[in-house]
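Novice: Given chain A, put chain B in place with the hints provided.
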Amino acid sequence: MLKQIEGSQAIAEAIGLCRPEVICAYPITPQTHIVEGLGQMVDRGEISPCEFINVESEFAALSVAIGASAAGARSYTATASQGLLFMAEAVYNASGLGLPIVMTIGNRAIGAPINIWNDHQDSLSMRDSGWIQLYAETNQEAADLHIQAFRLAEELSVPVMVCVDGFILTHAYERVDIPAQEQVDAYLPPFEPRQLLDPIHPVTIGAMVGPEAFMEVRYLAHYKQMQALGLIPELAEAFQEQFGRDSGGLIKPYRSEDADTIVVALGSVNGTIKDVVDELREAGMSIGSLAICTYRPFPHKAVRNALEHAKRIVVVEKSLALGIGGIVATDVQMAVAGLHKPVHTVVAGLGGRPITRDSLRKLFHRADAGHLERLEFLDLKHDVVHEEIARMEAGRRSGPIAENILHSVGTVASQIR
Amino acid sequence: METTIKFYQTDTFTVGNRLLSEAERSVQAGMQRTNALNSGHRACQGCGEALGARFAVDAAMRAAGNDLIACNATGCLEVFSTPYPESSWQLPWIHSLFGNTAAVATGVAAAQRVKGTKTRVLAQGGDGGTTDIGFGCLSGMFERNDDVLYICYDNEAYMNTGVQRSSATPPAARTATTVPVGQHPNGNVFGKGKSVPLIAMAHEIPYVATASVADLRDLEAKVTKAMSIHGARYIHIHVPCPLGWGADPAHTIKLARLAIESGLFPVFEAEHGEITGHRAIREQVPVEDYLKLQKRFAHLFRNPKQVEVIAQLQAIADRNIRRFKLLEKRGAAV
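The listed protein sequences correspond, in order, to chains A and B.
Here my numbering is used: position 145 in the first sequence is 145, and no number is missing along the way.
Converting from the second sequence to my numbering requires adding 417 to each position, the first position being numbered 1.
The following block holds chain A by itself, in its conformation from the complex (with noise of 0.2 angstroms):
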């Protein structure tokens, strides 16, 4: 059914239609809308049997959910930014576990200073932890992608992020086809877990591993990583032909099949890449997008086959690795590793500032015009950065850096004294 919809809503819908069995609910923003909207379907018995869980803190949410799944129930929450964080021992725990949990990431900064707007570095810091991770570029593929992360999840017996972009999309009211109950139980089978505590059947989960057997436990993690490779486009496809739209999937490309430049790009700002793409080809640049859907496991052979053919290769990433660069591009250039290609890496968007299709169109002139850094900022204020190292060379006590700034940029706060 097509609604005019906020983005929390659809993919609260979309996840009731899954049949959580186990919710475990705290509120950070920007993914309280969906578990309230989660929490008002279980008030309403519309999503039935189901356990609407309020915890005391992230780490108590993945916990609870830990419990739940472990003990056969499919169980789900949502996060963001300090939250993952402060849950990030349980979120190794999960899937070292084994627990087929699909939570949602409310893609927010992560502070000092606090930010509570988009970028991708709160996922991002989880990226080793043996959770799938999608990231959804429009709210219907957010929807979309739950429904799909479920039996994902279930089938590997593996737990599955997915990320959609704080406020951009949680908050964004689109055109969402919310799909019919018969649908989702057509597409998404009960669970049925793999390993159950079970009274009948006891069993020892999470016993003590040590050297001698560690390193493969470990390695069959990164096995069952491999396997969904094959497995995510395979249930990509099953999807179109149950709900007639391509949704998910490992990689995007965007008229990038003979493109000389092809921008790489997670989640919600390949919309606007796209828009520019168009602008930039109507213009006669040769330029095409590839949004990368499934980050982790990260699809090398796809993006290499992607991106082989590039002249150049301009990774637009809301994530900094700081003291070295890219998160995002340093998997990029893995995968065109010997292909000779520039891979330059442009950090955008973090904290919320607007990726502007203004922007992003001097950027890629510039890049057309092989005048790109291997590493740049889009939009940073120069000035404002070569002020304050200005001020922390002047002296050793130069004041705490966000409130200089702060002060340089002259937003409202600063002005109060």
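Hints listed in this document are in silico derivations from the structure and should not be mistaken for laboratory results.
If a hint is listed, it holds; no wrong ones were tucked in.
Derived CB-CB ranges, DEER-like:
1. B:Arg739 to A:Asp198: 44 to 52 angstroms
2. A:Phe214 to B:Asn562: 34 to 42 angstroms
3. A:Glu216 to B:Ser456: 22 to 30 angstroms
4. A:Ala186 to B:Arg442: 53 to 61 angstroms
5. B:Glu621 to A:Ser48: 23 to 31 angstroms
Positions of the beta carbon are idealized from the N, C-alpha and C atoms, including for glycine.
Specialist: Coordinates of chain B only, in the frame set by chain A:
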């Protein structure tokens, strides 16, 4: 319980199963006991926790008709019972992390509700996993009144990592992080630490009890009672650790008993935030009798003897006796 049998020697129920009718005998004395924590595990000689866990889990198993799932915090109990690929557990058992056991148990209990089973849920951890790192999740589980029995095996320090202080470590005790030198001339400082049983009571949960391996019949009875109740329940069991306390492994029960009889470890129970019973002390013993048997307090008895510190510990015991009315016969637990 019938009161025709008297246990003169100890005033406890630790002896004499053979004097009782079969129905009155302890769970451990019964042929039907499940050995839920089976033999062959790697606990130290004289481990109070292993003993307490065996009695507690078997009693919970009997009360649940063996329809029970256990969640375990990281710690000695987890490590000594499940060295891969071995496991001592004869019931479904999950270990997730150090600090999230109560939350994992909440999840397991939620799954039982949603599946419509009658399976009961037990959570267990040491004092570190309960009173320190797992405290947030524990309080959350209490506050939501989730249908979980949480048992804390309190050996008064982080024994698994090598005897470091926890918030359950008693004042004056030597641990690896409160060595009686320099900043800690008398061992662990006075005026710190917390009583999780009292904090549990403040959550007004249906049932809170303390118990000890010195009185295993009382322990079994409390677990059985806790299992007859639904909602969040908490039992705090005092379990001496010969290794961490520097005590003779043969003294585990004796030390646990002296802790009770000195007043240092009050044994009581409470329902919905109100104390409903206590285990009376027949004759209070001086704390010195308890302290002297443990190397963690040895610095109090070297020249010069730390008379004032010992007096401070005696004052704590005396306060417990007044506060919990431990010398009054009435209201004896069980």
